[in-house]
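Colleague: The residues making up each chain are set out below.
Number of protein chains: 2
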Amino acid sequence: MSLIVCKFGGTSVASPERIQRVAKRLIARKQEGHQVVAVVSAMGKTTDELLGLASALNSNPPAREMDRLLSTGEQVSMTLLAMAIEARGYKAMSFTGRQAGIETDGTHAKAKIVKVHNERIMEALDAGIIPVVAGFQGINAEGDITTLGRGGSDTTAVAVAWGIGADVCEIYSDVDGVYSADPRVAPRARKLKEVSYDDMLELSGAGAGVLQMRAVEFARKWNVVIHSRSAFSDAEGTYIKEVAAMEEAVITGIAHDTSEVKVTIRGVPDTTGVAAKLFGSLAANMVNTDMIIQNISDAGITDISFTCPSSDLARARETVERVLPEINAREYVVDEDIAKVSLVGTGMKSSPGVAARAFEVLGENNINILAISTSPIRLSVVVDAAQAAEAVRCLHTAFGLDSDSVFKETQLSAEEIAAKMAKGR
Amino acid sequence: MSLIVCKFGGTSVASPERIQRVAKRLIARKQEGHQVVAVVSAMGKTTDELLGLASALNSNPPAREMDRLLSTGEQVSMTLLAMAIEARGYKAMSFTGRQAGIETDGTHAKAKIVKVHNERIMEALDAGIIPVVAGFQGINAEGDITTLGRGGSDTTAVAVAWGIGADVCEIYSDVDGVYSADPRVAPRARKLKEVSYDDMLELSGAGAGVLQMRAVEFARKWNVVIHSRSAFSDAEGTYIKEVAAMEEAVITGIAHDTSEVKVTIRGVPDTTGVAAKLFGSLAANMVNTDMIIQNISDAGITDISFTCPSSDLARARETVERVLPEINAREYVVDEDIAKVSLVGTGMKSSPGVAARAFEVLGENNINILAISTSPIRLSVVVDAAQAAEAVRCLHTAFGLDSDSVFKETQLSAEEIAAKMAKGR
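Chains as they are written, first to last, in numbering that gives the first Met the number 0: chain A, 0 to 424; chain B, 0 to 424.
Here chain A stands alone, though its shape is the one from the complex (with noise of 0.2 Å):
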């Protein structure tokens, strides 16, 4: 018999018969002789009607008032949960944030968890009940409701697989685990049965988007694994965990992400401080930058390209015009149609030439790159939205990570899949 947190986001709670469903899987779990605690998200839109209330309200609520709003969903999705383990037959009972113990700083709307008291979860358990845990918000010394972001539920599932000594914390999705590439770009991408604390943070950091990367942050911190399976089989999923070195792969697995743009500056007077000058007025206004190219300099005139979020791009074209005069630069472009494709791989550090061998197979391919960044585990290239699923193909055979089944849920072409990805902004 183990302990296991059960965690179900936001869409497999969407509506009465979701709900019935996760009932069942929780419930089949027990069955087995587990014992089980749940981690819920609000239902599907919950929080973004919220939100919608709140704005047209106030256009900069307080946030005390906002985390008291936005925690009624969890609650709202939990105690519903919880009634539909009773109606078939199995105890339940809802903790909110605060009943199940999750104590936080007092940073309303990002805070962070402190600490967790377990006792009454643990006395539920020991009853034979099944806790049911409202996701994404915790309590302040205040006693008032704090919320810990976006994707938080991840973050309260894995705080609470950690605060009641959990053997794992397994969190169900709408995918069945953590692939070696999208699967609906590259059809031969295989399910890893494991992935490091390491190359999960790298992969989810560069777009691949089974976890939040600060649930897993928390995980490694505290030793906890993870169990990224599909709410709709029964299937193993994958398992983050910590993976003895030496098994490491060199390449784990190949993320890509379309939802950054390109901003290039031109004509751009190669002289001190531009740069700092115009970073910094972008850090400034809250544009978060990726990567950052500068081009050899030509008569003492260079082009400056960052690439940034696109929901972050109306912030930077106002920051680029307000700056263009100031650093005496030409004119900017904006390319909105690129991808990242980044190589994942603890064994990268020990295995020097794998970024040589990329560039070579994206040549070899035509594939042009636009722009490199690298971590010591992972190898970055910017190419053009089009060409973005050709190059997750090609670096994935010649990283030897091709399955020998092809995925079979790929329908579309390779010329339908490059499409859908330069417009699937």
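Hints were generated in silico from the structure; no laboratory data involved. The reader is advised that the hints may include incorrect statements.
Restraint-style ranges between C-beta atoms, simulated for each label pair [stated by the list, open to error]:
| # | chain 1 | residue 1 | chain 2 | residue 2 | range |
| --- | --- | --- | --- | --- | --- |
| 1 | B | 87 | A | 47 | 22 to 32 Å |
| 2 | B | 113 | A | 58 | 37 to 47 Å |
| 3 | B | 336 | A | 87 | 43 to 53 Å |
| 4 | B | 122 | A | 314 | 51 to 61 Å |
| 5 | A | 48 | B | 222 | 54 to 64 Å |
| 6 | A | 348 | B | 44 | 42 to 52 Å |
| 7 | B | 113 | A | 48 | 31 to 41 Å |
| 8 | A | 47 | B | 330 | 51 to 61 Å |
| 9 | B | 403 | A | 58 | 49 to 59 Å |
These numbers were taken from a predicted model, which means no experiment stands behind them. Ideal Cβ placement from N, Cα and C applies to all residues, glycine included.
Given chain A, put chain B in place with the hints provided.
Modeller: Then chain B, alone, in the frame of chain A:
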């Protein structure tokens, strides 16, 4: 400067626009120099929607989960109202039942308030903040949320007013006070300046839907002055308070209620135990019988009628059908087209002849009385629904309640009103 509690119902906070209006109203009260505490219900139909979700998952949902679920409705409206006040440059802070110190007994779904801890609200008031309190909810000794039952927000408002020693508890709604009769039915109805607690309780019980009886009971017990007034105008409404006995009117007002039905059991043997059998079974099946009428026995056979809320009719039919053979009765008939018209007045106790005069007036107007019931300060008659409006009007005139002005919003003819009331269910 006075300390006032302002309660707004679900209709008043049903949309962001209406919440804005409530915020303006509260700020206006504060600008007049008062200290203000707001109490709110859930937005519009929220509570019904949540009930619908719950019943889709569990036909008999656990009471603890249900209370937790329903309490989110007021938590949404309170935070939105606080945000709207802040957006206008005034300080506001929302309080759940727990934070407002509303301590209840352990009965979920219809908890009784046992204590009001006023510290946090007083602190907020001292800091110049407008506290916005979630109606309808409290917290029990186990730290779980409880709800006070339908219409519980009025009770919260009165309890908070008592807890903080407010000068008045203003209850805003879509009617502008308590009238001597429903002005839509009796165009010469007068708005009452003040009504005693006892009269208000009888009026509420007899169908005047302005205030929740429970809130009035609480106010009477703890001597809280209620001001029932319009959410849409600044006009003074009606004060419900202890009225000096020497000012007592014989008749304060006339209420009517078309929500009841009459069930008549025919051919009942007039033997001992028949009534006990019938009404015992009805009570056991949760049928709230109101009036009971037994005809004079003819050759040992009689008819028995009773009235009950139409919402109880299904259970009433079921009970009567089961009991009918046991008491050897012949048949039963249901009359849904009835109305109860009630004369209420504390002064009635000391003024004999009210009943005689009422029967005389109704007779002169050819209105047939189907049943009669009385309390020391109330006389109720059941009449055909089609004659109810006429009954209200002629009694209103006969007992000297008519105002000199005619209620302007009444556009319907007497016939139209009668038709409307007959189908009003």
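Colleague: It remains to establish, for every hint, whether it holds in the given structure.
Modeller: Right, here's what the structure says about each hint:
{"no.": "1", "hint": "B/87 x A/47: 22 to 32 Å", "result": "holds, 25 Å"}
{"no.": "2", "hint": "B/113 x A/58: 37 to 47 Å", "result": "holds, 41 Å"}
{"no.": "3", "hint": "B/336 x A/87: 43 to 53 Å", "result": "holds, 45 Å"}
{"no.": "4", "hint": "B/122 x A/314: 51 to 61 Å", "result": "violated, 39 Å"}
{"no.": "5", "hint": "A/48 x B/222: 54 to 64 Å", "result": "violated, 43 Å"}
{"no.": "6", "hint": "A/348 x B/44: 42 to 52 Å", "result": "violated, 59 Å"}
{"no.": "7", "hint": "B/113 x A/48: 31 to 41 Å", "result": "holds, 36 Å"}
{"no.": "8", "hint": "A/47 x B/330: 51 to 61 Å", "result": "holds, 58 Å"}
{"no.": "9", "hint": "B/403 x A/58: 49 to 59 Å", "result": "holds, 50 Å"}
When each numbered hint is compared with the structure, violations occur for hints 4, 5 and 6.
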